[in-house]
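There are 4 protein chains.
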Amino acid sequence: EYGIPVNAIKGEDEKTYYKHINTALDNKPQLTVDDGADLVTTLHTQRKDLISDVIGGTEETTTGVIRLRSLEKAGGLRYPIIAVNDAQTKYLFDNRYGTGQSTIDGITRATNILWAGKKVVVCGYGWCGHGVALRAKGLGSQVIVTEVEPVRALEAVMDGYQVMPLIEAARLGDIFITIAGDKNVIDEAHLKVMKNGAILANSGHFNVEINIPALESLARSKRRIRPFVDEYTLKDGRHLYLLGEGRLVNLAAAEGHPASVMDMSFALQALCLEYMVKNRGSLETKVHPVPDEIDKQVARLKLNSMGINIDSLTPEQKQYLTSWQEGT
Amino acid sequence: EYGIPVNAIKGEDEKTYYKHINTALDNKPQLTVDDGADLVTTLHTQRKDLISDVIGGTEETTTGVIRLRSLEKAGGLRYPIIAVNDAQTKYLFDNRYGTGQSTIDGITRATNILWAGKKVVVCGYGWCGHGVALRAKGLGSQVIVTEVEPVRALEAVMDGYQVMPLIEAARLGDIFITIAGDKNVIDEAHLKVMKNGAILANSGHFNVEINIPALESLARSKRRIRPFVDEYTLKDGRHLYLLGEGRLVNLAAAEGHPASVMDMSFALQALCLEYMVKNRGSLETKVHPVPDEIDKQVARLKLNSMGINIDSLTPEQKQYLTSWQEGT
Amino acid sequence: EYGIPVNAIKGEDEKTYYKHINTALDNKPQLTVDDGADLVTTLHTQRKDLISDVIGGTEETTTGVIRLRSLEKAGGLRYPIIAVNDAQTKYLFDNRYGTGQSTIDGITRATNILWAGKKVVVCGYGWCGHGVALRAKGLGSQVIVTEVEPVRALEAVMDGYQVMPLIEAARLGDIFITIAGDKNVIDEAHLKVMKNGAILANSGHFNVEINIPALESLARSKRRIRPFVDEYTLKDGRHLYLLGEGRLVNLAAAEGHPASVMDMSFALQALCLEYMVKNRGSLETKVHPVPDEIDKQVARLKLNSMGINIDSLTPEQKQYLTSWQEGT
Amino acid sequence: EYGIPVNAIKGEDEKTYYKHINTALDNKPQLTVDDGADLVTTLHTQRKDLISDVIGGTEETTTGVIRLRSLEKAGGLRYPIIAVNDAQTKYLFDNRYGTGQSTIDGITRATNILWAGKKVVVCGYGWCGHGVALRAKGLGSQVIVTEVEPVRALEAVMDGYQVMPLIEAARLGDIFITIAGDKNVIDEAHLKVMKNGAILANSGHFNVEINIPALESLARSKRRIRPFVDEYTLKDGRHLYLLGEGRLVNLAAAEGHPASVMDMSFALQALCLEYMVKNRGSLETKVHPVPDEIDKQVARLKLNSMGINIDSLTPEQKQYLTSWQEGT
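Here the protein sequences line up with chains L, F, X and Z, keeping their order. Residues in the first sequence are numbered from 1 upward in steps of one, following my numbering. Residues in the second sequence are numbered from 1 upward in steps of one, following my numbering. Residues in the third sequence are numbered from 1 upward in steps of one, following my numbering. Residues in the fourth sequence are numbered from 1 upward in steps of one, following my numbering.
One chain only, chain L, in its complex shape (with noise of 0.2 angstroms):
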């Protein structure tokens, strides 16, 4: 409608992927708006040439930044990046409530289980494991928490849930979400483990999180029995239940972030790339963060438009903040 062009099918294939990056790419960009940095990783590898005409671009996801601080780390990163996904008003609301409430729903659309009463094993409690986890207690689950990083696992713990070793909890669980960004979160040890009937959903990055070619081994069988739902009938002869194909299963089987929560990723990047082209020269060449004052007019866009308002500091209250000598 705004003669913007569209390289978007659903349901696409890896190589379908890549050419339609390609072809965005084509356009020649000067600023890039990336989720996950595969368009970044191509400018920086097969689209060397593009590069220089590029004055700063925003990621979206926390898989991204890591990738991008990894390439920066490397000595490779060649513009300016803000790291969206780490404004406040993106990680408290979009990875919590977003992915928390659309992978429920994703599972909830697959499969028409009763959360009530089931034993939901959310492997990583980053700020999307926290939404998951939140929310199947909220539906009445009980939630096991895995993590690798111990002031979270501390934190599950204190926020009243189990917290195990996943190959504990493996034997536990009716359902499995992996959230952890990493890959093989869920191995095959932890497959061999599992009750008859449990089902597996990721969340996460990408489709790594579940060893699914270790599920396919141990299986002897496979048969969608519901779109987005594979039955894999295991050679000991128990059921796991994969969604997704192990892919987002909030994409997949839901319809990924409700609008109310994308509204304020989108106004993020909108307003960090106006400031990348309004600071054009003077950025340095890393991942930055958005800067405070952006973050802050984001948060109050969204509650004006939901017709909330909150005080501000009085001149006395601001001049207390700042002194140092009033004390008891």
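Please note that a few of the clues may not be correct.
In this list, chains with the same sequence are indistinguishable; a pair is considered to hold if it fits within one copy or across any two.
[What the hints assert, rightly or not] The calculated lysine-lysine pairs, modelled on DSS-like cross-linking and capped at a C-alpha distance of 30 angstroms, are:
1) K318 / K73
2) K235 / K48
3) K296 / K318
4) K192 / K318
5) K15 / K318
6) K235 / K195
7) K195 / K119
8) K73 / K278
9) K222 / K278
10) K235 / K73
11) K48 / K318
12) K195 / K318
Since the hints were derived computationally from the structure, they do not count as laboratory data.
With chain L fixed as given, assemble chains F, X and Z onto it according to the hints.
What follows is chains F, X and Z alone, placed relative to chain L:
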């Protein structure tokens, strides 16, 4: 029992408090462990002669860190300080679960109210405010949050709380809890419109968050009806109940934080002091964050003490996290 | 697969619905299993000739039980009915967890809204209303309950919800869910004051709980913007969104209750029918409760199917419960 | 202040307790208001001469009602009793929100533990158990429920709690709370496998729910480490902590129920006594339920006192509810 002299009484007045601070300083400390920055402030103003011996210090509270950052910014800080308060194993746990529970506990002990069905107004949605709101909700209260920072305000909305300016909440609340870290958060205008019977408690900053002089001047009489509960009879006939004279209600009316959250803060203090001694001379004179490794170590120790094991990354997973080439 | 003829289509109109009822009755049933009492009503009005063969029946829903009790009171009931709806293993589970989850699910599928931060008005706080309110809260919504029965209203207050008359809630809500078991719960007066963009869904009684004729007459146009979502543009310019034409949103836009809650209701049906046949002739012609032993048996079977064991009373404990002499 | 003689002391022994009961009976009551049925039992055994003057009585507790029903069943009940405990405005509120909060409060005051992250075993999932479990969860605990009644056990599962036999839970729990209404709920076998440091509290039935004689015989020493906390050192070296000598922990270590839940129970008592006097001579000699109209009246009075208005049915809606002809 260990030969350490202690200067402490319950119910000390300000003069005695500062006498104790000075008595402590008379020992010519090489390390300072402070809670609110009063000792450090005294050292930087009246006891400057002692500063040259000090290797470094730690600060426990949000308030203290704010004051020390102001001092640093004003160019006045004279030795390095580690902001223990800003460690994840501090603010995620002590501020949230510790202050959350103990604030509610203090109010319960002072008043024996039933929380279910009460409208509780939480002024401030920092980590402490998160905890207080969560615990009030967990006891069946309707929680209203007031906040000046838009990102936090939005987070409160998404966490399911009502958010509004305090002047509106003032008309609705049964119980008001200030935990904003600023002065006159509840001011004369708010006191004027509160319902008869409203309860006022502070769990934030010294005794300045509720404007007590304003309350005194609106009142025609005042009497203590239970320990820690002062009934103010206003000139218009309404009764307002101020708990613990507006000082931290968890310390005044309950027993402060439970041991099982203070242990983490104390472990941080001890490990940070050790770190400062080990790195004597090489630390910049500024407010430092807690080294990440100390933070993780404290979390690991705490999990061990609770008998909880967690996973660790496989070499393959570590490798994956540091690479930027692997994509979709 | 079992040689049982089924008369069912999705999206049937009223005429077809009653044709199906009559086709079912043509089989001259000895037992009736009803959901809403339409079949039993037809039997007691147009098909009286068939009644003498009927041993008994079961009724699944709150609505149906209310109608059958009216029929009994009016002296018209002609054979015994067991009110399956009133079994604990029905209303505590199906009504609360089943309707709770599936109502939210239907609205999510129809609209893809984010529940976090939304003001959700639940009209009616029976067991179904309990479930809907609990699930909306569990997804981060602010829940407002309206109710006409004072004990339930008070329970909603103590459960932490806002309670007020609907005419006040109508101005505040983003989403309205009727689940009261009565007609015109949302009436013209409420529609007139709702916010632009409000969403209306029914999960209660047929399609009468929202006054749709009133909505039609307030509107100047109407269009379907997504499946199950009709946008009404009112004469004053506001838009209201009616889901699933005001019919049960969990059936219209989702898949109804999950299997793992329906299994209990069906077990109750089967065991109650068996009970009626076994006790043929000795049961009074009235609406009976489900025998307590059947209720417990269904719970026991369900726990077994989930792999959960529980304790049983020791002889000493049984003895203690039946004695009245043992005191303090 | 009203000329009513009171016979009460804190910490009374059994002999004094029964002396007080007899002193009260010496006043030749026409109405009895009992809590646990000890007074009524005394009247039916040692003071039979006084019974002929008694018009009726009320009973406040689950325990008392169980004993009175046993008495009725045994043919021994001599005057009508209204089971106030079974009123909705009693058990839905006092038992759940009152006992729930005050039990947790009693344990907090006795021990100052942090609830977040603790494994809390609730023995019994009646209304009181619902309340205790809900409040422990609301404070961040992991709750395990044990129950002998399958419907309640299943409800606990669906409410998101772990459910298992107590002998398994005994190995896991940090805190055990009995609220089952029976004796030796925690028995020798359970005590033998508990973790070092486990805390035992009773909020159920007199002091019989925890088998204290068994605990005494397993212990090699015992000392009071805080008010209401007895540390038992077992022969195998483990420490177990018994609160309030196994008596109701909310009465022993806290202040019992908050006034704002007791007011409803007392209103029920008063209105039921009035009802008995008005209906003198026409009430059967049995245990009666609270008349529904009194129940609703108490709820209405309570809502009014909280400033909450609710809707009432329109004539059209009342009509709809009583009809059975209107269908789909």
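For each hint, the structure was consulted:
| no. | hint | verdict |
| --- | --- | --- |
| 1 | K318 / K73 | between (39 angstroms within a copy, 16 angstroms between copies) |
| 2 | K235 / K48 | neither (48 angstroms within a copy, 58 angstroms between copies) |
| 3 | K296 / K318 | within (17 angstroms within a copy, 34 angstroms between copies) |
| 4 | K192 / K318 | between (59 angstroms within a copy, 23 angstroms between copies) |
| 5 | K15 / K318 | between (56 angstroms within a copy, 28 angstroms between copies) |
| 6 | K235 / K195 | within (14 angstroms within a copy, 40 angstroms between copies) |
| 7 | K195 / K119 | both (11 angstroms within a copy, 25 angstroms between copies) |
| 8 | K73 / K278 | both (26 angstroms within a copy, 29 angstroms between copies) |
| 9 | K222 / K278 | neither (55 angstroms within a copy, 45 angstroms between copies) |
| 10 | K235 / K73 | neither (45 angstroms within a copy, 60 angstroms between copies) |
| 11 | K48 / K318 | between (49 angstroms within a copy, 28 angstroms between copies) |
| 12 | K195 / K318 | between (58 angstroms within a copy, 29 angstroms between copies) |
The earlier numbered hints that this structure contradicts are 2, 9 and 10.
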